[in-house]
Structures are given as structure tokens and as C-alpha cells.
Amino acid sequence: MSLDLNIGIDTIDKLSKLNAVGIKKMFCGYIDETARQKWPEEFCTLNRRGYNASIIGKQQFKEFALESGKYDISIYVTFNVVYTPEQYGWILAAINTVSSYDAVKGIIISDMGLLIRLKDLNYNKEIIISTGGTTFNSSAVSFYKQFNIKRIVLDRQLDIDEMKQIITNHPDIQFEIFLMFGNCLFIDGFCSLMHCLENEEDKNTCCYNPTELLTNCGFIHKAQRDNSYKIINKSKKKYNINFNDNINNLITGCNFCAPQELIDFSDNLTYKIATRGSHFINEFDTMYPFLEEIYKLEQTTINREELFRKIFQYNCNGYGCYASKKII
Amino acid sequence: MDFAIETKLYNDNVFKEKINRIYFADAFCQHLIPTKQELDKAFKAAKDNNLQFTLNTPYVTDKGIKQILENIESIYKNEEIFEVVFNDWGVFYEVKKRFPKVKLILGRLLTKQRTDPNAYEIITNSQKRNPDNNVIPKTVPNTLYQHFQSSVINDDVFQNYLISNSVNRVEIEYLVWDMNIKLTDKIKATIYYPYAHITTTRNCGLLNMTYTTCNKMCNDIQIQYKNESMLFPYIVIGNTVYYQVNDISKLQQYPSIDRIVFNDLEAYHKYQTILENLNES
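Respectively, the protein sequence lines represent chains Z and E.
Mapping to our numbering: the first sequence position 49 is 662, numbers consecutive.
Mapping to our numbering: the second sequence position 18 is 105, numbers consecutive.
Source of the hints: derived by calculation from the structure; they are not laboratory data.
Treat each hint with caution, since some may be false.
To be verified - No farther apart than 25 Å at their CA atoms in a straight line, the calculated lysine-lysine pairs in the BS3-like style are these:
hint : chain 1 : residue 1 : chain 2 : residue 2
1    : Z       : K758      : E       : K190
2    : E       : K131      : E       : K190
3    : E       : K105      : Z       : K847
Generate the whole structure from the sequences, applying the supplied hints.
Next up, the structure:
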């Protein structure tokens, strides 16, 4: 059996690439000029895709949805950040627009104001709770079930055993977990560090940030690497605090070991590859040459560590991924 | 104004302070959930000193939620009315179902403010020229700044949901830019001082560069991250990153805020006089 993959894309041409491998689920952002002028997408104020990484405007989305329909690829649209009251009018209209297409099977959300509204409106497509919904336990699943949700993206910082518990307790719900680029030092749904996901290649024309860093979590990574931090002792106890390169795995976070460990739950699981376009690396282009191997992870005896090495050009050290308990 | 002190561990001295309320336990870390014995001791000390009691709870796995529910049960069997701050919708779901008289409070992780103080120059269009390529940074629209001033708590649909579930208090951070807080009279707000959270992780060993599982170092050490381009240092305490609030002089602009939780005892002592004046006015 192949993995049920859900892959983030930002342009229409990638649909045929997904189809070539046999992928039948994808997700994307949707914005329009009105919204991006008010809430520039670099700041993840409409979705988490970043600059120029969403389908833009009704016409472009129509073409995208029809093309997707040709390949029988299901679309899930992300409205997966938290909103403020003045945004709900645009968000609901946008959900209405995208949901009018047959190819769109549902939306991915995390905002409570939006979730309550969609329940009141009897929204008739699938609601997927994003990783921004911070689902860490079975009771949180019970909470979200009250809002007629179909699937929940489990938090990136759960380990395999913790996931198994949750999935076992809710056989009636679909779950989604990350593969590739799966990790971050912080918890997505609880993180308010400034993210300015500009396009690095277009830094001269799209530049809100005078530093070289795109996200402020980068300050912490950089300070760790540069040894520019100060330890303030409140007691005489000593701890061994030193930076080492284990941080690498946080950026890559392949989680390739997860499908094998979760094979008993395959019927309830989708694997998500985020592939943001305008992030530290071009995630889609990095991932695509290996997509077929990833797609068949569950059915082959592929050497996962070797696959990791081929993609990322260094050895997996097991830090910061689902399969490891080295840190948590 | 209601004054409270937050203490993550039991500390005799805290209960003698001139305050109204104790916030006990940690809001961000499952490893710091108190034992039943610690909790009982803290609850009793609060009662003996005529202090109101609020129990902080973090985001948790199935293991953690079990501990939290057992803890609440141990108090609830003797006294049903006390406050529980929830930072996890699973905790909210279970506590509401099992302990209907507990007063639930929406915690800081769920009020979803954008808190990073180092966003200030960008959202207020005061950022400097890029030294590497001499490019003048683009300006942001005022609507983005307004977005950063607000949060989901201002949404009346969400407020109605909270009220219908008997949640009448929300906990927020005091932002470094002017806040926009629009709450109905039925919901009050708490701020924390002087440490305001920005983000949190379960990968505590990576954040603190020990590369180990929990060693409770958060009781002994802070790490400050700062470079020349940052207006505010990031302060790591355990699994959470904070900034330090320097000035709460505009507090009276926000009538919904009627409680301050001091998460540092020294800061409380330093501001005691100022706060007493504030209280009188």
C-alpha cells in the first residue's frame, strides 16, 4: 500500500507532477489582492504559506481547481492561522469561493472564531484541524469533534507512542502527520515569533526585514551557533550547556520512520509534506526527485537512513523527530 | 485591581505576601505539573493565608491530562470553587465535563496574541535600511499593525462561546505596542508581569542546549539571547521564550484588565508601591 500523501503546492504546473507519481491529495493557500494588501502574506496573517506561495485571486483558483479535477486530485485549502475580527468577512467569502469547486474537498483551519462560525453555518465540506490547533491529547480530539471535523493534523512535537494513544482512542477520526521538513524548534500553534516568509530570491523587491533572517526563531538558532548568549544563574547548580549541530535535524525532520511504526493505523492516516515555497530552502524542488520513494515508504524495504542521506546530504542523528525520544 | 503572584513550585514565603491570589504551577510545561502532595500543600497554604487560588495547567499529552485531572479531583472533593487556567482545549473539555463548578480561565497560549516584541520596527514601519544591500525596507499597511494589536479574544462570536461555557476571564500578555482589547463586560482580562511569553516547545533540551530530557534546570537558569539588531532580548526559561515587559504605565487605558499576575517575586517587590498607588486611583 502506498502512503496517503497530502502535499502543499503553490502553482498549477505542480499538479501534473503530483499526478505523475500518483498523488491524489494536495493543499494550497488562497488569497486575493484585496486581502494581501491589507494583510501581507509574508507575515502569515491569512495562511501559513508565505510570500507568493498561494493561489491568487478567483480566476487563478478556478483554473487551478479545474486542472486539479482533470487529474482527480483533491484540494484542501488552508485558512490555518489565527484571525482578528476584521478578517472574518474576507475569510468567509474566500471559503465560499473555493468551496464552490468539486475538486475542493475541504479546508484546513485552526482558528476558534472560524471553527465556531463554520459549525453555525453547517459548512458542508471537510474541516481539517491544522497543526495550529495544537492537538496533543485524546481529549483535545473529543473537543474538536464537537465541531464536525473530519481530520486532525497532529502536532509535530508528539512522539510515535503519544500519537498511537490518540489514534487508538479515536478510530472514527482521520489523522494527519508530517513527513519531510516536519519539525520546528517551537510548537506551531503556540508560536508568535515574527515570521516574515519572504522570497529569498526576490529579496531586493520584497524586503520588510533589514536582517538576513526571515523568521525570528532564526535569532535563537543564530545566537546558539555564534555562541552569543548569556546564561544567568539563579542558583549555584551547574549544567552542561553548549551548542552542537544536532539542531540540523530540526530543519529537515524527515520522520521517515513514522509510517513503518504506524503501519497498523494506515487506514486512518494521511502524511503531510508541507513544501513551503518561500522558506529556507525550496522544499518542493528538494523533495520532488524522491517523491516516488517516499510515496512507497510503507510497502518497500527502503533504507530510511539512506534516503535521508540522499536528500539532505548528511546523516540522520535522530534528534527532534517523531521516532526519537532523545529530547522530549 | 487584583494582584497575584505566580509560583511554579511551593514556596512558603510567597504565601505571606500582600496579595489577593496565588497562581500555582506552570502554564507551559507538562514536566512541571505538581504532585498531589505539592498541590494540596499549596492549596492549604493559600487557604490558611486567606488567598484565592488559581491552578495553572499546561498543554499536555494523554499522560499529562490524567495527572491534571487527578490533581483537580484532589482539591475538588473538598472545595469545588477555584480557578483553573487552561492552555489546552483537551483540558478545557475534560474539566468542564467532570468539575462543573471549577472556574475556567482561557490561558495565554489560547488567547493567540502576536507577542514577539522584535516585530515592533517592522509593524510600525520604523525598520532601518538593510546594511547588506542598502535596500530600504518596504512599508507595511496600517491594517497589519492593527492586526498585531488585536487577537481572537476581540471576536464577539468567540466571546459568546466563552460566556456560554462559563469562561469569564482571559489571560493575555502586555504587548510592547498599544493593544486593542474589546471585551464584553462579562469577560475580564489578566496580564502577566514582568515576563511575557512568545513561544514554547517540547524540545527543551535543544532550546537550552543541554540536549537532554528534562533536568528541571528552569528552576536554576535563564538563557538570554540578544544581538545588535534586536530591540528586546529573548529570555529562555525552561521550555518557553519570554520577553521582559518594562513599562506598564498605560495599563489604565485598558479597563478590561483587572488582574496582574507577577511571575517574578523581585519584580513584585519593586513595583509594590507603584501598584498600591495604581490601585488607589
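Status of the hints after comparison with the structure:
1. For the hint linking Z/K758 to E/K190, the alpha-carbon distance of about 23 Å falls within 25 Å, and the restraint holds.
2. Between E/K131 and E/K190 the alpha-carbon distance is near 18 Å, which keeps this suggested pair within the 25 Å criterion.
3. Proximity of E/K105 to Z/K847 is assessed by CA-CA distance (about 24 Å); at most 25 Å being required, the pair is judged to hold.
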